[in-house]
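Please put together the full structure from these sequences, using the hints given.
Protein chains in written order, with my numbering: chain A, 15 to 154; chain B, 15 to 154.
To be clear, the hints were calculated from the coordinates, so they are not data collected in a lab.
Note: identical chains are not told apart, hence a pair may lie in one copy or across any two.
Heads up, simulated DSSO-like pairs for lysine-lysine below, C-alpha to C-alpha not over 30 Å straight-line: (1) Lys39 - Lys115; (2) Lys115 - Lys56; (3) Lys56 - Lys142; (4) Lys127 - Lys56; (5) Lys142 - Lys127; (6) Lys115 - Lys127.
In this text, all values refer to a predicted model and were calculated from it rather than measured experimentally.
2 protein chains.
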Amino acid sequence: MMTEFRLHPQLQNDCIELAEFPLCKLLLSNDSQFPWFILVPKIIDATEIYQLTWQEQQQLLNESSLLSELLMQTFNGDKLNVAALGNMVPQLHLHHVVRYKSDNCWPAPIWGKLPTITYSNEEIEHIKSLIIPKINEILS
Amino acid sequence: MMTEFRLHPQLQNDCIELAEFPLCKLLLSNDSQFPWFILVPKIIDATEIYQLTWQEQQQLLNESSLLSELLMQTFNGDKLNVAALGNMVPQLHLHHVVRYKSDNCWPAPIWGKLPTITYSNEEIEHIKSLIIPKINEILS
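See below:
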């Protein structure tokens, strides 16, 4: 019996699904304090990058670097934070957080620091309009 | 005039140099509370992974995954945290932190959480004896 990949309920709850890359789902973390995006490889039971096949690892890197460049160009950040942590949610996921020297956590990492401030629907639509056309262009 | 790669003074101060991979220097972060290792690509002025050439990116991934597997086998961790942050030290470096559900920060990320407890010389020699022969085997 085939088992289908399913997004972890915590990620489903905390994020908005934006797009599908060949390997990963692209999520927007629903915290308006940071441009914070997450790639989730659609591989069942993956928890660590090194456990993926070499081909999957390369594809993850490829999608991560495409996304990284797009985010830094779009949001004009001072620094990008890229991290695979997974202490709370074991399903392998790769954070991409655009950081500004003026943001409320700088220079500390953002995780677990501030109470979440969720986006309005309008703000989500705005971010989608900034990101999704560029991703479609890259993927086409 | 050629300019030579130099390790950032902060990394030099906070870490012990353990080994040289083809692309990266391998450092041990001098905080005995966590098995915490750092890869620093020997590329001048690199700050973000996506800015490396595709060949360098693949090599970084390769070295990171080799190291990740070796660390998880050696230290028998519950989870590995892999992160490129760089908010404090702009020189591109990739953290690899073996995490335990019993460690003093779990499940929070470790950065900036606890005052450093440096290793004794004996402890450093012990970690070198655990890691360096395995790396030499992989690289030979």
